[in-house]
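Based on these hints, arrange chains B and C on the given structure of chain A.
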Amino acid sequence: MKTNPGRFFEDYRLGETIVHAVPRTLSGGERALYHALYPARHAVYSSDEFARSCGLAASPLDDLIAFHTVFGKTVPDISLNAVANLGYAEGRWLAPVWSGDTLRSESTVIGLKENSNGKSGVVYVRTRGLNQRGEVVLDYVRWVMVRKKRLDVAAPEAVVPKLAPALAPEALVVPEGLDFSRYDFTLAGEPHRWGDYAVGEMIDHVDGVTVEEAEHMLATRLWQNTAKVHFDATQREDGKRLIYGGHVISLARALSFNGLANAQMIIALNGGAHANPCFAGDTVRAWSEVLDKAETAAPGVGAIRLRLVAVKQGAAPFALKGEDGKYLPEVLLDLDYWALMPR
Amino acid sequence: MKTNPGRFFEDYRLGETIVHAVPRTLSGGERALYHALYPARHAVYSSDEFARSCGLAASPLDDLIAFHTVFGKTVPDISLNAVANLGYAEGRWLAPVWSGDTLRSESTVIGLKENSNGKSGVVYVRTRGLNQRGEVVLDYVRWVMVRKKRLDVAAPEAVVPKLAPALAPEALVVPEGLDFSRYDFTLAGEPHRWGDYAVGEMIDHVDGVTVEEAEHMLATRLWQNTAKVHFDATQREDGKRLIYGGHVISLARALSFNGLANAQMIIALNGGAHANPCFAGDTVRAWSEVLDKAETAAPGVGAIRLRLVAVKQGAAPFALKGEDGKYLPEVLLDLDYWALMPR
Amino acid sequence: MKTNPGRFFEDYRLGETIVHAVPRTLSGGERALYHALYPARHAVYSSDEFARSCGLAASPLDDLIAFHTVFGKTVPDISLNAVANLGYAEGRWLAPVWSGDTLRSESTVIGLKENSNGKSGVVYVRTRGLNQRGEVVLDYVRWVMVRKKRLDVAAPEAVVPKLAPALAPEALVVPEGLDFSRYDFTLAGEPHRWGDYAVGEMIDHVDGVTVEEAEHMLATRLWQNTAKVHFDATQREDGKRLIYGGHVISLARALSFNGLANAQMIIALNGGAHANPCFAGDTVRAWSEVLDKAETAAPGVGAIRLRLVAVKQGAAPFALKGEDGKYLPEVLLDLDYWALMPR
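Protein chains in written order, with my numbering: chain A, 1 to 343; chain B, 1001 to 1343; chain C, 2001 to 2343.
Check before you lean on any hint, since a few could be wrong.
[Stated by the list, open to error] Capping the alpha-carbon separation at 27 Å, the derived lysine-lysine pairs in DSS-like fashion look like this: (1) B:K1002 <-> B:K1119; (2) B:K1113 <-> B:K1162; (3) C:K2148 <-> C:K2113; (4) C:K2240 <-> C:K2321; (5) B:K1119 <-> B:K1326; (6) C:K2321 <-> C:K2162; (7) B:K1002 <-> A:K293; (8) A:K293 <-> A:K321; (9) C:K2119 <-> C:K2149; (10) C:K2002 <-> B:K1321; (11) A:K240 <-> C:K2240; (12) B:K1321 <-> B:K1293; (13) B:K1240 <-> B:K1119; (14) C:K2002 <-> B:K1293; (15) A:K2 <-> C:K2321; (16) C:K2149 <-> C:K2002; (17) C:K2162 <-> C:K2119; (18) A:K2 <-> C:K2293; (19) C:K2119 <-> C:K2240; (20) C:K2240 <-> B:K1240; (21) A:K326 <-> A:K240; (22) A:K119 <-> A:K326; (23) A:K2 <-> A:K149; (24) B:K1002 <-> A:K321; (25) C:K2228 <-> C:K2148; (26) B:K1240 <-> A:K240; (27) B:K1149 <-> B:K1119.
[As the list claims (entries may be wrong)] These stretches of chain B come out as covered by chain C in the derived footprint (C-beta under 8 Å, 3 or more residues): (28) 1202-1214; (29) 1253-1262.
[As the list claims (entries may be wrong)] So these bits of chain A aren't anywhere near chain B, every CB distance computed over 10 Å: (30) F8; (31) V19; (32) A95; (33) W98; (34) V136; (35) V144; (36) M145; (37) K148; (38) L151; (39) V173; (40) R236.
It should be emphasised that the hints constitute simulated quantities derived from the structure, not laboratory data. Please read these numbers as outputs of a predicted model, since none were measured by experiment. Backbone N, C-alpha and C fix where the C-beta goes; we use that ideal spot for every residue, glycine too.
Bound conformation, chain A alone:
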């Protein structure tokens, strides 16, 4: 059997590190495709000139290009037999990714807990994305529910890692050289600075995008994500292709430009839930809530912690969960992240 059946729950060992396959060199091609697939307009990622005026050598590749590329490589080893993608924590962007960089990924198993039914279990991994110099550019924890294949294999000792509910401001890593003290608000597209946002503020990002099959498949392939349900209409009984959760993340983040144009760079992922599946034909909208704010040591740079919620048609304004505490059926994504803004 030469093909990859994927790993099952009993195949993971606490502490082992899995080196994921197929490193990837990124270029202006991936950047152009990203901007064709999502209405991305944050100026640092759109213009070399703007990025230089902010102290960077050039425009880096979008923060989520780095995320998707690193994530995609983990799929064949981590989530090919996953029943559910349960959560993210402690994600940090540690260095910008530039056109020409080559990324690879590795994951360490930091937790294992078999479910009481004996048929599946939760695997916790800390994934690192590395560039061609071996520098870690991204680091995050993800946990997924994975099926067991050999039900007779004894459950491992349950180990659940203690994860921070959110990255502390002191833990955030601002890109080297970033300087927002000569920030051009006109070219960036909005006048609102860090000081203009209040904790608790809610922002409806207004715009919507109706999603097509070709788009999410182009995106998901570009990240070399191989999960069958995204591509093969014969995998589900309803004949639908499940849209990669990361596609919804990128859509919602791009839509959040309208109201958060100056939340330029994502630097931490505190948590996230793919609340409901998204399918082609859905019209995706987004809203944000300001969760926290913090200063940074970089000139003119503030950090803002945001909840980013993606919803589909039929959603009520700012509605998130029902009285039962569960996500409403129109909610697609509930993401918690830190971004950098001019102060």
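Leaving out everything else, chains B and C in the frame of chain A:
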């Protein structure tokens, strides 16, 4: 309210200059996408080697990539609340755009005329696209009908700019160094030179393309055009997404290769009307009429003025307007431009 | 008549060489699009770092990018009036294609045979793809059935070239410098080396992709392939757009990663049949059969000859032909090629 509601008619002041947001660095990625989205084959924009044989340093980015990029930036400030895109005039490509260039846009309000119903008005802007050295690469006039929000605001004094019906040949700017004296007609794809075209000649470009939703949205996003009607199927009562008029321009121009393969570079836009809306599922064809010809001072380079008409299924050959003087329902686009050809 | 009607059978002369139009400069943009359109993951074509560890200067553009680009240029001269694409033979990749290279194509007519009905004939061409230094990067024979237009033109003397059923191992050209002696199987994605594959072995590549209209049109346009049936839904009575056979080749080759991740580079095309048409909505799967193996002089590099079969929904495992010797209706492609693998 942190999101952009767009400007309404009463928000424009005669003479004011609006600096548009989000400069954009273009690369080989945008070029590849352009050639995947449109059947573009003009050799100067396809091959570095061919462009060098014509005196250029390399293959520039397609003339319409420059146009769409500059245009897209104006949408949030000019046409977010536009009822209709009424016309173009006096458009000139003043310098080629190269891979690696960063474009930004600004528009000066050169005319304002409130409609007699008091509910909307026409805004005339002269838009300039600039590269990272501040050089103007593109300059054109556009006028749109924009809604009023505060109906009680008094109408401004009506000012309608006097616009040339077409650029005079003397006003055309040939790219520096362009030299068609060693032009390779075989590699360019057709033997017909400037002298082979007669004023009044009509050319049916034969080929057709059936348009898909994913394609026009990829294109329109790539130019960071944010108009809701192109992306959000819930915006119109009929559930259709209106295709960006510029998508039809690029489709028709690319189709015109078959018969006008040597009309290599667009250098002026004399006028244009988006006669009827285009929707996914339409099969777009094109025909051209030679309107004028002129010599230029560049070696071997002639100018040809063309009417480019895009039509959809059901159109009769070369039919444009009905007896009532109105565009026939199958006509999508009526464009008037100058291009450069080998003499 | 300025448009290209295409050539008919009576327009070809034995021995003539046709220089095809529109050279094309390729960049990281084409590479990114290729990886968005197909689930391509072979490491040599994904990572500059991996390619360097294999003795190459950088990651070349995918072997099939070279093929499609060279092939696309031949369409306006060879297959615009083709009734059927009958076969390929003696195809060899002679040098890698790099980002920045400019490709052009030319074809020599090596055989002509009018059909007994007098209404069409078979044209055999040997096509060469050349880079900007005039080096041949790809060379293959293709034969197509082309309609006659002037039925009264006398049939030419029938000449059918003698073509090798498969390239002999001695004829294969390994890219200069290729060295698999320090090959990283972990990063490549699978542990199976050349020695692990046996002649006669069959591999089911498991994964499937449901194809969309937008995808195959983006791909086919990117290669500047102008055949009307791929783009224009009004060309066929059933309103379907026929998918370019090369799209199926690339899909199947990319799917074959799962089981043949180390069959890194295609270096010869022995033959191929587009057994049945593919349409949007079809779910494409693939299987391979090991046909032959050979050593090469390059360090650590073995050659493997593979049959790659693409099928659509409803196909039985490894089924190819019926009792009548004809391809089963679910078979889309039967391709015979040589690839390079680490020994």
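**Request:** State the violated hints by number, sorted upward, taking the hints as numbered earlier in the document.
**Result:** Nothing - there is no hint that the structure violates, so all of them hold.
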